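> With the hints as extra help, turn the sequences into a complete structure.
Protein chains in written order, with this note's numbering: chain S, 0 to 205; chain C, 0 to 205; chain H, 0 to 205; chain D, 0 to 205; chain R, 0 to 205; chain L, 0 to 205.
Quick caveat, the hints were computed from the structure, so don't treat them as lab data.
Check the hints yourself; a few may be wrong.
It does not matter which identical chain is used: a pair holds within one copy or between any two.
[Said to hold, decoys possible] Computed list of lysine-lysine pairs in BS3-like fashion (alpha-carbon distance at most 25 Å, straight line):
(1) Lys-188 x Lys-151
(2) Lys-151 x Lys-58
(3) Lys-134 x Lys-58
(4) Lys-58 x Lys-153
(5) Lys-199 x Lys-188
(6) Lys-58 x Lys-188
Just so we're clear, the structure is a prediction, and the values are computed from it rather than from any experiment.
Take a look at the letters that make up each chain.
6 protein chains.
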Amino acid sequence: MASRSALAVSTFLCLAALAALSAHAADPEEIRDFAPPADYAPPNASYFTFTELRNIDVKQGQFANVTNVNVVSFPVLSGLGVANALLVYPPGSVNVPHTHPRGTETLFVLEGTLEVGLIDTTLPVPVLFTQTLYKNDIFVFPRGLVHFQINKSKYVVRAYASFSSTNPGLVSLPRTLFGVHIDPEVLTKSFEVSSDIIAKLSAVQP
Amino acid sequence: MASRSALAVSTFLCLAALAALSAHAADPEEIRDFAPPADYAPPNASYFTFTELRNIDVKQGQFANVTNVNVVSFPVLSGLGVANALLVYPPGSVNVPHTHPRGTETLFVLEGTLEVGLIDTTLPVPVLFTQTLYKNDIFVFPRGLVHFQINKSKYVVRAYASFSSTNPGLVSLPRTLFGVHIDPEVLTKSFEVSSDIIAKLSAVQP
Amino acid sequence: MASRSALAVSTFLCLAALAALSAHAADPEEIRDFAPPADYAPPNASYFTFTELRNIDVKQGQFANVTNVNVVSFPVLSGLGVANALLVYPPGSVNVPHTHPRGTETLFVLEGTLEVGLIDTTLPVPVLFTQTLYKNDIFVFPRGLVHFQINKSKYVVRAYASFSSTNPGLVSLPRTLFGVHIDPEVLTKSFEVSSDIIAKLSAVQP
Amino acid sequence: MASRSALAVSTFLCLAALAALSAHAADPEEIRDFAPPADYAPPNASYFTFTELRNIDVKQGQFANVTNVNVVSFPVLSGLGVANALLVYPPGSVNVPHTHPRGTETLFVLEGTLEVGLIDTTLPVPVLFTQTLYKNDIFVFPRGLVHFQINKSKYVVRAYASFSSTNPGLVSLPRTLFGVHIDPEVLTKSFEVSSDIIAKLSAVQP
Amino acid sequence: MASRSALAVSTFLCLAALAALSAHAADPEEIRDFAPPADYAPPNASYFTFTELRNIDVKQGQFANVTNVNVVSFPVLSGLGVANALLVYPPGSVNVPHTHPRGTETLFVLEGTLEVGLIDTTLPVPVLFTQTLYKNDIFVFPRGLVHFQINKSKYVVRAYASFSSTNPGLVSLPRTLFGVHIDPEVLTKSFEVSSDIIAKLSAVQP
Amino acid sequence: MASRSALAVSTFLCLAALAALSAHAADPEEIRDFAPPADYAPPNASYFTFTELRNIDVKQGQFANVTNVNVVSFPVLSGLGVANALLVYPPGSVNVPHTHPRGTETLFVLEGTLEVGLIDTTLPVPVLFTQTLYKNDIFVFPRGLVHFQINKSKYVVRAYASFSSTNPGLVSLPRTLFGVHIDPEVLTKSFEVSSDIIAKLSAVQP
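As structure tokens, this is what we get:
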């Protein structure tokens, strides 16, 4: 008994186009055990195994080395709601202030002593929480909040992060603020400093 | 050590078909900053900008004019959980009783004075909430509840809606009930009126 | 090393108040096997059992009888994402056009032959889908869409509904539109009929 | 004013690939009335109707017969958050201990008397809840918990399940534990029995 | 037939404590039309109405004025998934670079001409998107990404924001990075500038 | 203009009771930076720090030792969507076949060589995936699927689990199936073995 006008047909085509549009997006609930491999061949055990952390080349310098184990590098995670990362901190290095826009992080110290900091969004003055972490300690950085780590020791520190998203994302604040050529008037007014200070902050970014 | 029978292979193909099936659907969490454009070219700033509200042709008459800014008309919204609409009410016009099946609405009055109504689902007698809104007032219409507006003034009223979904949908009740040729027996029994009243209600719908 | 001003303390109290505020709401993911009983006594098997459908008194007349098995009548469902209802249709009765604002429904015919209708949101003219269901048939009414049933047979029909929410809600359209004293100007303009027709539609509602 | 390096372009291609990757997954919120049919032709009422439960061939024996009405067998359910199943229990048959990894189940007895059991995750000793269900009774099996049914009567029992997912999945424990050739050392240590008992348990699985 | 040991009872009490613990949190699906008022009195229409934007005192200076309409200032929004804000920009003022950790924003220009900027998370060099917005234009700032606005005109600019969360939160970057006394070694290494520049950036924050 | 009957008032009280009912449940989206401590005192850095993994007493024997870092033992995780666990495997020990009803697990080997197994839900014959993991390897156990580990080496193995839920739960299969006194008829029919084998399996459980 269903009736449809020609108009409805064209409306339907519009809906179908919308379906195609909205097909890309997601950290949804699974409706299968796991997403099949991209080649649609039956998976074997290696599909569930990540072995690229066995031999990590550590780049010396003042920045922490991060190896992401997320849905991009490890596709089986698609739709499963969790990701990881290995962090190696050379002596004296920092993991610069940053946020993860799509996930909470727990950081577990594998080796060494690490200083961490987290800033909440209390208004008008945010609150800084800092802690010294020892081997086997865990610290929580809730979703979207600014945080950082620094290795003030003489030894390499290693830590392992767990995230509540398969692709938590990374907003690196020094580069995002001073490495993309934001209008200097925005920056001088926002940071309330002179343009030569903004210029110095920007000069060191790539 | 993983082993699979031929049977498992065919089962797997079934799962893969399911994957294709389930690809269309969603207002899910993002796992990227934003969904890329349909042409997969790198986006520029215009991808994030909606300019079609600059010059709205207002159609006079007894119905409000609605321009939707949702995932269909503004694809960058895909997966981002919010949409908008501009509403222009000629003097004496109504926005007929309707629901949005997939989202809550907040309505902000840009210009003029507007009467609004909302009906909840209290049983057995629902409750009507009505209000007169002035410029800069906001009223909330929770997801799925029947609501309407009327401009009882002599001036054009303009308002701007925000939704909790990228595609909240619209169930226009006069047309849905009386414009699709529902079996008159259903309508006379449901509305408890004679068939000639149902016929009159139906005659004016397209 | 964490420091906080007195200001932060008062801001914190505000957050705590917010916590209390936001405590009520939800069809969320479980973080336990099930929500404990309201009396916090350990549950026994009867906590998981609903027996009130054994002897349903059927009220004759022109309307279907509905018994809800949702989180209000069966609290163990809290947080579990599913609810049910038993529907009994005397001969000639209707389940009036309505929506469920918070859930999709599947309707399973237990006994008899039932006519069902569903209207989508295609614009500008919605599409009506109608079907005759026989014993053991299932029909789907997606979330928020208008639907109805009518028993055109001489026999009692029984059906069992499943919902995708623990409390899908009910917007009964005859009563919501014509039983709550909406401003007649809104209704005459919206339904494009004279005020005496609106008066007749309203007179029969409680 | 937006600027992009060639590097950004290649990064973008990577994001686009990710989009394709993540397209398959989901029990997400709808952004449409319903997912269109796979052939993208306008749907008619049969798209919303499931008629395959009309004539179920019951296979006699010691196991319950299950017919799933989920997103695989009834694609309109895609994105709608609910599924069903019909269960027919020959006299003396069991529905073996199992879990549904992706959904809560409510079980409604259509005909006969059924014994059910549910085990929670209390530590260190889980709790068993058992119940005798009569016609029209409902029992809840929360997501992921082990449960079973047995028909101890001389008559066929029929029941109808509702799930909070469009594809709740099934982990059949006898077959999963003893039918896939798990290393016997794992099983003897886990179940704390001798290898000949494990061998007997495994011998009867396909 | 259910049996429980004393041990299970104490385990149950632990679960009940967990229930209390987890009661605070949420932007969940509603299971009611709307959350009742905190005083649990039946709501009236004013419960759904926000009138505090009628007369906004604008504070002159170099920063935008923001009035939030979120679940804290407008409790009816609890569980409804949307919030708003009114922004007034004196001539020459900025809305400093910031993120919203819990929601996407669409910004609608009510009056005047506004420059906006958005930075994504492309690696290793993020991409800046900038745009000049005119009256009635909308720009999208996806969840968690850094963005800012500046009024380069001689006139007051007004804009209205919509968010995909009832409490999107605010990470103000100048204050978060330089106003909470982060260890200067972290900041000099992260921003790769001398400690006197960090000192100047910090000196101007409260 | 809102009007309410006395009936509506009592209906409202019912809704308020429902609000209280539904307050306990959840792994929802946050609407704050983090849930405040149970004592509602402003948190300090120790609120975000878990130090109980520093000195784990390992109990020798044939079972793995598990220390959970979830919302019960570490309340700051409430609403943040992630949890962890430390696993220590004495030589020859197993982590018995089990499921996590509410979360996916990634397992990272900290020290030693570990055999793991995962069984999917392919029908009619599930598929077993097994793997030998070395230090720094990660394996994924998707939500709700049966999995196990065994340390076949002569050395202690240590591993660290990440979960996609703040309280993933644990269904230990030997104890759930054979330690709660399930009706032997259910077990003999389900596992298709004689009652003396079921008796032996049950005798060793507490």
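> With reference to the structure, classify each hint as holding or not holding.
So, going through the hints one by one against the coordinates:
1. In the homo-oligomer, the alpha carbons of Lys-188 and Lys-151 lie at most 25 Å apart only across protomers (12 Å), although the nearest pairing inside one protomer, at 33 Å, exceeds that limit.
2. For a Cα distance limit of 25 Å, the shortest separation of Lys-151 from Lys-58 inside one copy, 17 Å, qualifies, whereas the shortest one across copies, 35 Å, does not.
3. Both within a single protomer and between protomers do Lys-134 and Lys-58 lie at most 25 Å apart by alpha-carbon distance, with minima of 22 Å and 21 Å respectively.
4. In this assembly of identical chains, the alpha carbons of Lys-58 and Lys-153 lie at most 25 Å apart only when taken from the same copy (16 Å versus 35 Å across copies).
5. With identical chains, the CA atoms of Lys-199 and Lys-188 are at most 25 Å apart both within one copy (16 Å) and between copies (14 Å).
6. Taking the closest pair of Cα atoms, Lys-58 and Lys-188 come within 25 Å of each other only across two copies (16 Å); inside a single copy the shortest separation is 37 Å, beyond that limit.
The structure agrees with every numbered hint stated previously.
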